[in-house]
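Chains as they are written, first to last, in this note's numbering: chain D, 80 to 446; chain V, 3 to 325.
Because the hints were derived from the structure by calculation, they are not lab data. Please read these numbers as outputs of a predicted model, since none were measured by experiment. Glycine included, C-beta positions come from ideal geometry on N, C-alpha and C. Watch out, some of these pointers could steer you wrong.
One side of the interface only, derived from the structure: several residues of chain V facing chain D at Cβ under 7 Å [to be verified]:
#1 Asp180
#2 Glu222
#3 Ala225
#4 Ser230
#5 Leu242
#6 Pro245
#7 Ile248
#8 Ala249
What the simulated footprint calls covered on chain D by chain V, stretch by stretch (three residues with Cβ under 8 Å from a Cβ of chain V suffice, anywhere in the stretch; the number is not a length) [claimed, not checked]:
#9 424-435
#10 438-445
Cβ-to-Cβ under 8 Å is the rule here; a few derived chain D residues that face chain V [to be verified]:
#11 Pro159
#12 Phe164
#13 Tyr181
#14 Asn185
#15 Leu188
#16 Arg229
#17 Cys233
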Amino acid sequence: MTSAPPIITLQGITKRFGSLTVLHDIDIAIARGEFFSLLGASGCGKTTLLRILAGIEQPSGGSLLIDGQPMAGVPANRRPTNMVFQSYAIFPHLNVAENIGYGLRNQRLSRSEASARVAEAVALVKLDGLADRNAHQLSGGQRQRVALARALVCRPKVLLLDEPLSALDKKLREEMQLELRALQRSVGITFVFVTHDQEEALTLSDRIAIMEAGRVLQLDTPRGLYERPASRAVAEFIGTMNLIPGRVAAVAGEAVRFDAGRLGHLDGRAGAAGLVAGGAAFLALRPEQLRLERAAGTAEAGPGRSLSGHVAEAAFLGDRIHYRIRVAGLDRAIAVFVNNAGGVAVHPLGAPVSLDWDAGAGLVLPA
Amino acid sequence: MTIAVTDPAGAPRRVARGDPSLRARRIAGFGLLSPALGLMVAMLALPIGALVLLSFWTQDGFAIDRTLTLANYARLVAWSDEATVWFGIPFHLAYPVPAILMIKSLVMSLVATVAVIALAFPMACFMAFRVTRHKALWIIVLTIPFWTSYLLRVFSWKIVLGFNGAINSGLIALGVIDKPLEFLLYNPSAVVLTLAHSWVAFAVLPIYVSLEKIDRSLLEAAADLGDSRWQRFRRIILPLAAPGTIAAALLVFIPTVGDYVTPALVGGPGGTMIGSLVQQLFLKQNDAPLGAAVSIAMMAIIALLVVIFLWAIGYGRMRERRR
């Protein structure tokens, strides 16, 4: 984050619907020009938080500043934000150009200036030639572009996007992700993006806030979240993670000796503060950081960083091979992803294998 | 002859018209339609056909002359050098009563329809946007007055507006007036008031449905794009509710033009409408063929006006865009 004042400051934002609290004490600061994502499963409160930013919902407590201005009592129509709705909310009685120009009618612009801005926005989202189309003649991807252009043409300080890609098919979605990221860089507007798709959040975002049950679990860059998840929930949410249950045997600064029960003692590093000897914990291992060797007992890394088992499942995916390794004493098979760098042999089902990992790859997280 | 159909698997195939499964489906379709179709033929098509036929006959004393002639229609438009003046409009017609009553009925119905929409729209808005729970209950409450007969409701206006009616008695009791107001009842205003009251609930429902169908995220999007409450109403709600509102207006306008019960009960001599004339021609003046001709002419004029109106406002296009 830069030292410039944040464009959005949320302090202690709480939202209750009747007796149900959907947001607990949210504190987030979003930097100017940032692509910021709110990531979480449905019902975690991410959309409610976005609607509070837009002014469609009012918080039950806490304060919200946008560009230094307090937003309490400022209705949606007077906020410097615009939103792309999940359903796109394209006005069915207006054509593409009228939809895109809708918000400009509320800004004091000359007719020629407004139509120039609309034409510019139409070109920006690549809808050239469709300006006269009616809403119902558009495909899903085109509707999404209209919704985007309609919001961007108002030149908001912050663009709010509520799962704008979730209604699109996979190929179109990936295409739109790249376009959205490029668009955000070119217009330089702060984007706040709500999604339940972790891959999408990782692809697009400068920073991500992972939400669960109305709380922010962790707020970091995509790389930070992937490499340093601070809790089991985040570790499981971002990418695939093998979790070996056990307890902390000893803590020495960053280095943690982990007691995996029947599997013996394993080495790891502390993933979160507050680990104490004897406390229940998980050893977290990324599948792509594990090495697989044929035949048991030949692992190179030594007893503290290896396990042995046999192949329970193998899936050839072209660029990589996914294995599930059954290890005696573990309920869940260990996932191992091996890159297909060419000439990699596929271990047959049932083959005895050993796996090991580099020092520092094992992360100990509190249970 | 072959026709293209789509089989359940989705692949188009060409079948002969005699395909037994297709024929069975067609028979099933007609089977489902036949009660409604039968009722329509018996209760609508046949009577209208009979009425059309009757309008081409003539009354000859107590007997009906069954030679086909346009004489009845000719009477309705027969020229006269002497003009009958009605509200400053000269009618150069030998028999001006039907024409005058037609225009008067259209104007009265139009006023009643405008009043109905003006009353119904806010009610529908309230139910669609303000009521969040027990919507069904509100709809039932709205229809409670309609659990009594139409005749009773019209008659009750007579009690409200009459010489010794509720308004006059009340005003006298309050000392506002010392003798009953006579202009309340037996005039066109009383007819318009009664018609508006009778039809308002029928107009609320189609308007309510069209408002209810408006996706709430459209209103949120409009607010997000800078619209105030009033602008949202004008730019989103009004255009999207227009098809339902127009349907409601037609639902009120078309039947009220031909109404004769209301004018008969609360209209007095000044409040007669075209329906009253048809009733008189059939039942009192013993000239059913002329009455039939007036009816058919009225139907044709209303149909023509409705078609012109819908074409002028681009209703088809509006419906299509609204989907």
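How the hints compare with the structure:
no., hint, result
1, Asp180, "violated, 55 Å"
2, Glu222, "holds, 5 Å"
3, Ala225, "holds, 4 Å"
4, Ser230, "holds, 6 Å"
5, Leu242, "holds, 6 Å"
6, Pro245, "violated, 10 Å"
7, Ile248, "violated, 14 Å"
8, Ala249, "violated, 16 Å"
9, 424-435, "violated (count 0)"
10, 438-445, "violated (count 0)"
11, Pro159, "violated, 11 Å"
12, Phe164, "holds, 5 Å"
13, Tyr181, "holds, 5 Å"
14, Asn185, "holds, 3 Å"
15, Leu188, "violated, 12 Å"
16, Arg229, "holds, 7 Å"
17, Cys233, "holds, 7 Å"
Of the hints listed earlier, those the structure fails to meet are numbers 1, 6, 7, 8, 9, 10, 11, 15, in rising order.
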